[in-house]
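The listed protein sequences correspond, in order, to chains A and B. Oh and the first sequence: position 70 is 70 in the UniProt record's numbering, straight run, nothing missing. Oh and the second sequence: position 328 is 328 in the UniProt record's numbering, straight run, nothing missing.
Calculated directly from the structure, the hints in this document are not laboratory data. A hint or two may mislead.
From the structure, some residues in chain A lie toward chain B, with a derived Cβ separation under 7 Å [to be verified]: (1) E15; (2) A108; (3) V207.
Taking lysine-lysine pairs in the BS3-like style, the calculated list, with each CA pair at most 30 Å apart, reads [what the hints assert, rightly or not]: (4) A/K2 to B/K268; (5) A/K373 to A/K268; (6) B/K379 to A/K373; (7) A/K379 to B/K373; (8) B/K373 to B/K395; (9) A/K298 to A/K2; (10) A/K395 to A/K379; (11) A/K268 to B/K2; (12) B/K373 to A/K373; (13) B/K2 to B/K298.
Short derived list, chain B residues pointing at chain A, Cβ under 10 Å [stated by the list, open to error]: (14) C6; (15) I16; (16) T86; (17) R94; (18) S97; (19) L103; (20) Q104; (21) L112; (22) G136; (23) C185; (24) D360; (25) N370; (26) D410.
Built from N, CA and C at the ideal position, the CB exists for glycine as well.
Number of protein chains: 2
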Amino acid sequence: MKSAFCFLIAAKRCEIAGLQQLALTSALVNATGRFIHALQRERGLSNLYLASQGQHWADERLAQVACCDELQAEVRAAFDTLDTETPRAGNGARLFSRIAYVLQGLDALPLLRLRVQTQVWSAARATAGYIRLINGLLAVVFEAADSASDPDISRRLVALFNFIQGKEFAGQERATGSALFAAGCAQADGQQRLLHLIDSQERCLQVFADFASEPLREAWAAVQRHDTQASLERLRRILATSLPGGPLDTGLSQIWFDACTARMDTMKTVEDALAAELEALCHQRLAAATRDLADFQKWQRAESLGEDLPEHGDFFDEGQAAPAPPVNLGHPVQAYGPQVERSILELVHEQAQRLQQMGDELDMVRASLNERKIVERAKGLLMAHRQLSEHEAHKTLRQMAMNQNRRLVDVAQAVLAMAEILPPGLR
Amino acid sequence: MKSAFCFLIAAKRCEIAGLQQLALTSALVNATGRFIHALQRERGLSNLYLASQGQHWADERLAQVACCDELQAEVRAAFDTLDTETPRAGNGARLFSRIAYVLQGLDALPLLRLRVQTQVWSAARATAGYIRLINGLLAVVFEAADSASDPDISRRLVALFNFIQGKEFAGQERATGSALFAAGCAQADGQQRLLHLIDSQERCLQVFADFASEPLREAWAAVQRHDTQASLERLRRILATSLPGGPLDTGLSQIWFDACTARMDTMKTVEDALAAELEALCHQRLAAATRDLADFQKWQRAESLGEDLPEHGDFFDEGQAAPAPPVNLGHPVQAYGPQVERSILELVHEQAQRLQQMGDELDMVRASLNERKIVERAKGLLMAHRQLSEHEAHKTLRQMAMNQNRRLVDVAQAVLAMAEILPPGLR
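Given the sequences, and given the hints that come with them, work out the whole structure.
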């Protein structure tokens, strides 16, 4: 018959397995982030190349394609290190299925590039292709963010995912602005899209700010006070406030591209810092859990040898009902102090309570992720069935929430519930 | 380099692994449910035995102890079948840690029984002991309910967990009412507690009704229209409306115990039906996923042999953007029809979309579980810091929600957020 100790140790081993998986996933996220950044640049250069009818940017574009291929190889190598042989419960199914999707896109990438090279596709169509591939890569990162069972790690993954997503909107903003300046003429459609991209970007960066650690939140705030940001804001204003049909200075095209690129490169450094912090945290947690496991095993051996152990404590004694002092989640190592002083019952209590507390915190993190997802889904529904743009859909939801004095997520939930009772044909 | 197919198959294998783990967990939940039911009866009989100063119920109690020991052996056997050697990510850590806690309680159970046998402990204290052990067992069931990644299974697990939890409140109601009738005198404390238990019971049964399948919801509704329920309601009224300090007919003690027991036995049959439905669903999903896997593998072999396969489809072609028709989650088998007609890309799309849809539904299920947990946590906080009973804490939250015209969960979240900013000493 398995003892309480056996399960206590098994629980710790599961925790370690989860953390190891997470460390692996975080390496995958890093490689994917680097590749996304390079693809964003390839997209921008392809845009400029197509806008100039292939007169300019040809060399820069080809150099960037070569750079992307190197990073693509790294991403594929990271995919290959994932253990696809041992089936695992949890988010494995979703992660692997996202990867299968991305691999289809990577296999088709040479064809997309050929279409750009030979100018068969328009800038808009090529951009849409790159966006699709990048979205597939972002979905891989998202699955990782959804899998952590340590709330601190989960929080940082959420911050990282939203930052990367925000950077992608910045990349799309660069493409949209470039197209407007290159056309030399303000167009309502493009202007609308630009505003929407700025809006989406800011929402992502807000989530990042809500979930990131203090130092990284401050690092990002400091970067934003930089000169480049002011010059970008000036160009944004020109793009957004020019009368549709009116002229736009094509000479600003290059300045716009450079300003946006500078911003994205800065974002990449913050992204790298986020990823490094995440990796360090994973390893720190892993080291702590490994130490705990060694302690548990030492104690189990002592028990099996019949050595003198502290009393077991009384399970039904009301004194035991008092919750153990909250374990400092930041330093799980210290929390397990000298164990010889403590009863097994206290240990079990503490472990259960620590996991409970982590679970509670995780629920909170998940709840806010969930709310975001529900709002996005309701927006998607409105876009599909009322032919609204994403920006309009968001505005509609916000207006409904204000009118009804309800939270955005409640309104979104009501919209989704409504859709469920519609006959399939009308959905 | 691993292909998209390789990851598609790995994803399916993960799904299968998750379902297998779930089938195992559901067997564990069954055994635990049977043991809880028997322990509830042992608690009731221990109560009656202590209330009669050991004059009555001695034999019935001992017979029930023997019955509990048999079921305990089954639960321990179910614990032993869990694979504690291969560490798994996901909820393994929490599940195993809950089990470690329960094992401590089971090891201490003989001592609790001795205290009852020798009448060293009062009925109230013994009841509290049994409640603690049963709560530990319920926590094991809860971890199972929290682990499913198939929304239909998750919904049924939530229904089952809440039903079992509701039955436990019914068991505590039986004990509280028995104590009141045995004392022969209405006491405000006990009456308050009785009302609270009825209230908690009904909330659990409401969640059950919200998540259960139609047939089982109806089965439960049909059972409640039964005569026993009317007689129970009459006794509840007598208990609740007698003036504190006024007499209670001790002759009703036996009738009350029998009426409550009849109700709990009926609840057990519904619980069994819930568990059977859950097991059947697990096996059905498992069979479907296994068939899908076989199809995928057949196709992969065909591909590796260079056999004629339908076209891959164009990843970047906008026609592919149109979402595949929603897969009927109830019948995943049919959804994968004759695959020879379909491109790999469509297959990948479909698989991703199906998992996405499952994930979306799961979010909804989790969101409502989460809300419940947040409300419970806020109640716990109010109980601890304002010295309120659970019933008062719930009433306070409800009143706040009504006054502020907000949802219960929003008020609960506000209460928790408030606590976070208090200095540790005041929490």
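Practice problem: Verify the interface restraint on A/A108: the C-beta must sit less than 7 Å from at least one C-beta of chain B. | Solution: With Cβ-Cβ at 4 Å, under 7 Å, it holds.
Practice problem: Measure nothing beyond the straight line between the CA atoms of B/K373 and A/K373; if it is 30 Å or shorter, mark the hint as holding. | Solution: 20 Å, holds
Quiz prompt | Interface hint for B/N370, Cβ within 10 Å of any Cβ on chain A | solution = Result: holds, 5 Å to nearest chain A Cβ.
Practice problem: Would you mind confirming whether the straight-line C-alpha gap from A/K395 to A/K379 stays at or under 30 Å? | Solution: Satisfied, since the Cα-Cα distance of roughly 9 Å is no more than 30 Å.
Quiz item: Holds or violated: is there a CB of chain B closer than 7 Å to the CB of A/E15?
Solution: 4 Å, holds
Quiz item: Does the structure keep B/K373 and B/K395 at a Cα separation of 30 Å or less?
Solution: 17 Å, holds
Exercise. Could you grab the alpha-carbon distance between B/K379 and A/K373 and see if it respects the 30 Å cut-off?
Key: 27 Å, holds
Self-check item: Hinted pair A/K268 and B/K2, Cα distance within 30 Å
Solution: 28 Å, holds
Practice problem: So, B/L103 near chain A? Judge it on the closest CB pair being under 10 Å. | Solution: 4 Å, holds
Self-check item: B/G136 as chain A interface residue, shortest Cβ-Cβ below 10 Å
Solution: 9 Å, holds
Exercise. So, B/D360 near chain A? Judge it on the closest CB pair being under 10 Å.
Key: At about 6 Å, which falls below the 10 Å cut-off, the nearest Cβ of chain A leaves the hint on B/D360 intact, so it holds.
Quiz item: Should the interface hint for B/T86 be scored as holding, given a Cβ-Cβ cut-off of 10 Å against chain A?
Solution: 9 Å, holds
Violated hints, listed in ascending order, are 3, 23; each of the other numbered hints is respected by the structure.
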